[in-house]
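As a plain string of letters, each chain reads:
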Amino acid sequence: MTLEFTLASARAALRRRTISARELTQAHLDAVAALEPHIHAFITVTPDMALAQADAADAALARGKAGPLAGLPVAIKDVFCTKGVKTTAASRILEPFVPPYESTVTANMLRDGAVFLGKLNLDEFAMGSATTNSAFGATINPWQRADSNTPLVPGGSSGGSAAAVASGMALAATGTDTGGSIRQPASYCGIVGIKPTYGRCSRYGVVAFASSLDQPGPFARTVEDAAILLGSMAGHDPKDSTSANRAVPDFAAATQRGVKGLKIGVPREYRVDGMPPEIEALWRQGLDWLRAEGAEIVDVSLPHTKYGLATYYIVAPAEASSNLARYDGVRYGLRVPANDLKDLYEETRAAGFGAEVRRRILIGTYVLSAGYYDAFYLKAQKVRALILKDFTDAFGQVDALLTPTTPSAAFAIGENEDDPVKMYLNDIFTVPASIAGIPGMSVPAGLDAQGLPLGLQVLGRHFDEETIFAVGAALERAAGFTARPRIRMGEGA
Amino acid sequence: MTYIIEGRTGPWELVIGLEVHAQVVSNAKLFSGASAMYGGEPNAQVSFVDAGFPGMLPVINRECVAQAVRTGLGLKAQINLVSRFDRKNYFYADLPQGYQISQFAHPIVGTGVIDIELESGEIRQIGVTRLHLEQDAGKSMHDQHPAQSFIDLNRAGVALMEIVSEPDMRSPEEAGAYLRKLRTILRYLGTCDGNMEEGSMRADVNVSVRKTGEPFRTRCEIKNVNSVRFVMQAIEAEARRQVEIWEAGETVDQETRLYDPARGETRPMRSKEDAHDYRYFPDPDLLPLVIEQAWVDELASALPELPDAKKARFISQYGIPAYDSGVLVMEQATADFYETLAKGRDGKAASNWMLGDFFAGLNRLGKSIETSPISASALGGLLDLIADATINGKIAKEVLEAMMETGASALSIVEERGLKQVTDTGAIDAAVDAVLAANPDKLAEYKAGKDKLFGFFVGQVMKAMAGKGNPALVNEAIRRKL
Chain B
172 MTLEFTLASA RAALRRRTIS ARELTQAHLD AVAALEPHIH AFITVTPDMA LAQADAADAA
232 LARGKAGPLA GLPVAIKDVF CTKGVKTTAA SRILEPFVPP YESTVTANML RDGAVFLGKL
292 NLDEFAMGSA TTNSAFGATI NPWQRADSNT PLVPGGSSGG SAAAVASGMA LAATGTDTGG
352 SIRQPASYCG IVGIKPTYGR CSRYGVVAFA SSLDQPGPFA RTVEDAAILL GSMAGHDPKD
412 STSANRAVPD FAAATQRGVK GLKIGVPREY RVDGMPPEIE ALWRQGLDWL RAEGAEIVDV
472 SLPHTKYGLA TYYIVAPAEA SSNLARYDGV RYGLRVPAND LKDLYEETRA AGFGAEVRRR
532 ILIGTYVLSA GYYDAFYLKA QKVRALILKD FTDAFGQVDA LLTPTTPSAA FAIGENEDDP
592 VKMYLNDIFT VPASIAGIPG MSVPAGLDAQ GLPLGLQVLG RHFDEETIFA VGAALERAAG
652 FTARPRIRMG EGA
Chain D
6 MTYIIEGRTG PWELVIGLEV HAQVVSNAKL FSGASAMYGG EPNAQVSFVD AGFPGMLPVI
66 NRECVAQAVR TGLGLKAQIN LVSRFDRKNY FYADLPQGYQ ISQFAHPIVG TGVIDIELES
126 GEIRQIGVTR LHLEQDAGKS MHDQHPAQSF IDLNRAGVAL MEIVSEPDMR SPEEAGAYLR
186 KLRTILRYLG TCDGNMEEGS MRADVNVSVR KTGEPFRTRC EIKNVNSVRF VMQAIEAEAR
246 RQVEIWEAGE TVDQETRLYD PARGETRPMR SKEDAHDYRY FPDPDLLPLV IEQAWVDELA
306 SALPELPDAK KARFISQYGI PAYDSGVLVM EQATADFYET LAKGRDGKAA SNWMLGDFFA
366 GLNRLGKSIE TSPISASALG GLLDLIADAT INGKIAKEVL EAMMETGASA LSIVEERGLK
426 QVTDTGAIDA AVDAVLAANP DKLAEYKAGK DKLFGFFVGQ VMKAMAGKGN PALVNEAIRR
486 KL
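Chains B and D, in that order, are what the protein sequence lines are. Letter by letter, the first sequence follows residues 172 to 664 in the working numbering. Letter by letter, the second sequence follows residues 6 to 487 in the working numbering.
Some hints could be false.
Chain B residues, not near chain D, derived (Cβ > 12 Å throughout) [what the hints assert, rightly or not]:
1. Ala179
2. Ile190
3. Gln197
4. Ala260
5. Ala423
6. Tyr441
7. Ala541
8. Asn587
9. Asp635
Quick list of in silico lysine-lysine cross-link-like pairs, PhoX-like style, CA-CA up to 25 Å [unchecked claim]:
10. D:Lys486 / D:Lys473
11. D:Lys93 / B:Lys550
12. D:Lys144 / B:Lys513
13. D:Lys457 / D:Lys486
14. D:Lys353 / D:Lys186
15. B:Lys553 / B:Lys513
16. D:Lys473 / D:Lys447
17. B:Lys553 / D:Lys93
18. D:Lys93 / B:Lys410
19. D:Lys372 / D:Lys353
20. D:Lys486 / D:Lys468
21. B:Lys513 / D:Lys228
22. B:Lys477 / B:Lys593
23. B:Lys513 / D:Lys473
24. B:Lys560 / B:Lys550
25. D:Lys399 / D:Lys486
26. D:Lys353 / D:Lys402
27. D:Lys348 / D:Lys372
If you're looking for bench data, these hints aren't it; they were derived computationally from the structure. Backbone N, C-alpha and C fix where the C-beta goes; we use that ideal spot for every residue, glycine too.
Assemble the whole structure, with the sequences as input and the hints as a guide.
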């Protein structure tokens with residue numbers, strides 16, 4: 172039943188009282204119970220809290236005082252601090268951590284009446300592209316190749332979010348995107364995911380990976396649903412100095428705008444060697460759909476694209492190495508007892524952090540070190556400015572850009588694990604927008620030969636998510652993407 | 006006068022620079038809403054931001070920025086309208102975030118100056134390189150438990166101003182004068198209470214030595230010295246240590262040292278292997294700090310009169326010597342007391358009485374100007390009695406002592422004890438006659454040319470009149486009779 176609903180249709184049903192929030196929530200909790208053994212999207216499920224929130228929503232609905240998300244069961248990536256609910260960032264070092272405060276994004280959603288089913292799996296500290304780096308086990312993509320049941324990755328780092336929404340365990344979910352961590356798993360799981368403009372959603376209470384890149388955003392099964400959830404998540408927050416003091420537009424209304432008269436850019440540097448022909452073809456198909464809807468397609472150049480990944484893998488680890496210094500065993504989280512302070516640090520952090528997190532701390536520490544700072548960090552900041560300028564120049568000519576979201580469909584668990592750089596290459600199309608701070612969306616647009624979903628990425632100007640929603644909705648209408656993953660309610664694995 | 010250390014190989018000059026950490030007077034911490042008050046129960050004034058909890062973010066406290074700007078203005082320094090916060094990364098148990106938020110590359114205040122006055126009366130100008138805002142760390146307590154350290158985070162995140170001087174000082178005295186002058190300015194501005202015992206003002210001292218005319222040699226930094234006296238002692242001890250090293254043909258290593266006041270020596274703080282690489286980089290949680298010139302102007306127009314200006318005004322307005330004026334303006338409370346006292350009175354007499362008998366009285370009672378048993382206007386009452394010749398200066402000393410002990414007014418003491426000056430020439434003449442009659446031998450000696458005995462007669466007359474005779478009239482009467 173759960174997959175029959177969208178956020179929008181469930182909301183309508185709740186308001187018509189054809190279903191209660193408790194029934195809707197129970198159905199999703201049942202889906203979680205049934206599918207979790209196969210997908211492992213959750214780190215923590217909070218059924219009691221969810222049902223209590225559902226009852227409160229039912230009461231509010233009965234009084235006619237329901238907020239925009241009243242009674243809608245959603246789930247939260249486990250980097251958002253949730254008051255009284257364990258928040259781990261998928262790391263041993265935070266395994267025992269229960270925040271005494273609520274992140275602004277989740278507080279906004281609770282204000283609007285949302286029902287939280289639980290906390291979703293991710294790559295440890297959001298570092299990864301496959302959700303295989305979780306200290307609590309990998310999440311399995313609900314999609315499988317047509318000819319095999321080899322478990323595939325859901326993408327990452329927000330793999331739990333994407334898998335839960337794709338399989339019908341939650342109507343929608345929150346994620347965070349630092350270099351593609353919403354858009355890439357959305358693409359791999361055949362759903363919609365948006366990284367808003369940096370500053371659109373508050374980072375207060377979100378476990379930090381790379382502060383200048385991290386941005387919360389929604390996962391949903393439709394563009395409209397993503398617009399509804401983002402509308403609730405977004406907004407200025409005085410507790411986050413990098414939060415933008417701007418009004419939140421009516422994103423849902425923007426999905427109805429259409430693309431007539433819009434100029435859509437095609438960045439030529441995104442045609443990379445070795446890209447599967449079906450992705451190339453889907454890209455062309457996407458442009459044809461938009462042209463057919465009245466958009467004008469324009470070739471543009473983003474000349475510094477090729478430096479995107481290198482820049483990202485200097486800036487993000489540098490910030491991470493500093494952001495993760497607070498996990499020291501002194502005040503909260505894991506502590507491995509030791510005889511002196513140095514041993515306490517070393518043993519706690521060695522036991523608490525996984526291999527990829529340790530690798531990035533080492534890289535980050537290295538690039539900030541005396542003697543290397545200028546050659547790495549400072550240079551990366553300069554390149555970052557050039558990449559931003561590329562986009563600024565392009566948006567002088569066009570209203571949005573269309574690219575593939577990823578260079579491949581979902582891969583099998585264990586693939587790309589031999590060489591970190593191979594894993595990093597998954598983010599080649601998503602990283603530049605993160606570096607520039609511009610908004611981006613992945614929309615499911617088709618299937619590859621194996622029946623796996625492929626997404627197209629729409630990029631827009633700073634704080635112009637509305638155009639992205641307009642373009643994304645047009646692609647969604649044209650694509651008519653109705654395929655469902657193999658692992659879903661009613662069918663099992 | 007040049008301060009030098011005479012070594013075996015000749016004279017050595019000292020080169021001294023100071024980095025002063027001044028805790029900003031503000032209600033809340035630099036980046037969190039937690040209280041910045043001194044002396045709460047351990048860990049009672051700690052927000053989740055201060056404790057470095059996951060997902061917590063810093064938000065700049067505007068009042069702390071205002072305090073830094075005021076201080077910059079007080080140091081006649083350049084105010085940077087755009088500054089930036091960096092992270093200084095290092096691990097320590099009382100540093101919850103694993104980094105200190107500081108201003109490394111772009112401080113809020115640039116170059117300024119502080120005029121210091123030496124005992125010789127010479128004025129020297131000491132350059133201020135910069136002032137920046139940063140967070141304080143917490144406090145580690147190693148003496149609470151045999152095997153564990155305790156951490157108090159009340160101080161973690163409190164705003165500090167780090168005020169860095171140029172290496173312009175050449176003697177312990179200059180360093181002491183710089184610190185005292187800086188403290189005076191900060192207290193006038195109300196931006197730091199300057200309390201070195203409580204640690205709200207601490208100094209790191211950079212010291213090197215050189216032969217006259219040489220470029221700078223390697224310096225050592227003596228960390229966290231917490232009194233002016235210790236700063237001066239530490240400089241002397243460190244300079245002597247360095248001279249010995251150079252003269253032994255060895256070289257001074259650049260290192261961080263601590264001063265041990267009990268032994269009067271400095272010793273290394275940490276070994277070279279532990280030298281920190283702080284990995285500074287711009288804090289991505291904070292935007293550049295941009296302030297408006299109009300706001301700076303507004304703060305400037307609301308600044309109080311600062312010690313240098315006040316000193317100059319006292320000299321010209323009240324006709325007091327520069328040295329006295331310098332002492333009076335050292336503390337705002339003293340200067341305010343003086344102005345109340347001097348208003349409508351003889352400024353010179355007011356200054357003399359205040360710096361002389363009044364301060365001596367406070368010292369004797371263990372009181373300060375803030376806790377003085379008598380107010381400026383009460384002291385003024387005493388001065389008025391002198392001015393209108395109700396009492397003479399000698400009696401006034403006695404009256405002041407009584408005032409400070411009892412808190413009573415000058416007039417009531419004078420009346421109660423019958424200390425009014427005798428100006429009745431008849432009474433004075435009678436007393437003079439009696440003294441001359443009682444001392445015929447001295448009178449004869451005087452007349453034979455022993456002029457010095459004039460004082461003897463004055464003393465005897467005053468004694469006979471219980472000190473209450475008007476000194477001028479007594480003198481005149483004696484001169485007349487002799």
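Here's how the hints hold up against the structure:
The beta carbon of Ala179 (chain B) sits about 30 Å from the closest Cβ of chain D, which is more than 12 Å, so the claim that it is off the interface holds. Consistency note on Ile190 (chain B): stated as away from chain D, and its beta-carbon is indeed over 12 Å from all of that chain's, at 34 Å minimum. Separation of Gln197 (chain B) from chain D is adequate, the least Cβ-Cβ distance of about 31 Å exceeding the 12 Å criterion. Not every C-beta of chain D lies more than 12 Å from that of Ala260 (chain B), the closest at about 7 Å, which undercuts listing it as non-interface.
The Cβ of Ala423 (chain B) sits about 28 Å from the closest Cβ of chain D, beyond the 12 Å cut-off, so the non-interface label holds. Separation of Tyr441 (chain B) from chain D is adequate, the least Cβ-Cβ distance of about 27 Å exceeding the 12 Å criterion. Its beta-carbon lying about 5 Å from the closest one in chain D, Ala541 (chain B) breaks the requirement of being farther than 12 Å from that chain. Residue-level check passed: Asn587 (chain B) sits 28 Å from the nearest beta carbon of chain D, beyond 12 Å.
The Cβ of Asp635 (chain B) sits about 21 Å from the closest Cβ of chain D, beyond the 12 Å cut-off, so the non-interface label holds. Of the pairs offered as hints, the one joining Lys486 (chain D) and Lys473 (chain D) holds, with about 20 Å between alpha carbons and a cut-off of 25 Å not exceeded. A C-alpha spacing of about 20 Å is found between Lys93 (chain D) and Lys550 (chain B), which places the hinted pair at or below 25 Å, so the restraint holds. Between Lys144 (chain D) and Lys513 (chain B) the CA atoms are separated by roughly 17 Å; this keeps the pair inside 25 Å, and the hint holds.
Restraint check for Lys457 (chain D) and Lys486 (chain D): the C-alpha separation of about 16 Å stays at or below 25 Å, so the hint holds. As the CA atoms of Lys353 (chain D) and Lys186 (chain D) are separated by approximately 24 Å, the hinted pair is consistent with the 25 Å bound. Pair hint Lys553 (chain B) plus Lys513 (chain B) does not hold up; C-alpha atoms about 36 Å apart against a cutoff of 25 Å. Our distance criterion of 25 Å between C-alpha atoms is met by Lys473 (chain D) and Lys447 (chain D), whose separation comes to about 23 Å.
Annotation: proposed proximity of Lys553 (chain B) to Lys93 (chain D) holds, straight-line Cα distance about 21 Å (limit 25 Å). Under the criterion of a C-alpha separation no larger than 25 Å, the hint pairing Lys93 (chain D) with Lys410 (chain B) is consistent with the structure, at around 22 Å. With a C-alpha separation of about 24 Å, the suggested pair Lys372 (chain D) and Lys353 (chain D) falls inside the 25 Å cut-off, and the hint holds. The suggested pairing of Lys486 (chain D) with Lys468 (chain D) holds, with an alpha-carbon distance near 18 Å, which does not exceed 25 Å.
Our distance criterion of 25 Å between C-alpha atoms is met by Lys513 (chain B) and Lys228 (chain D), whose separation comes to about 22 Å. For the hint linking Lys477 (chain B) to Lys593 (chain B), the alpha-carbon distance of about 15 Å falls within 25 Å, and the restraint holds. Of the supplied pair hints, the one linking Lys513 (chain B) and Lys473 (chain D) is violated, its CA atoms being roughly 77 Å apart against a limit of 25 Å. Taking the CA atoms of Lys560 (chain B) and Lys550 (chain B), the gap is near 15 Å; set against the 25 Å cutoff, the hint holds.
Pair hint Lys399 (chain D) plus Lys486 (chain D) holds up; C-alpha atoms about 24 Å apart against a cutoff of 25 Å. The hinted pair formed by Lys353 (chain D) and Lys402 (chain D) meets the criterion: a straight-line CA distance of about 17 Å does not exceed 25 Å. For the proposed pair Lys348 (chain D) and Lys372 (chain D), the alpha carbon gap of about 24 Å is at most 25 Å, so the pair holds.
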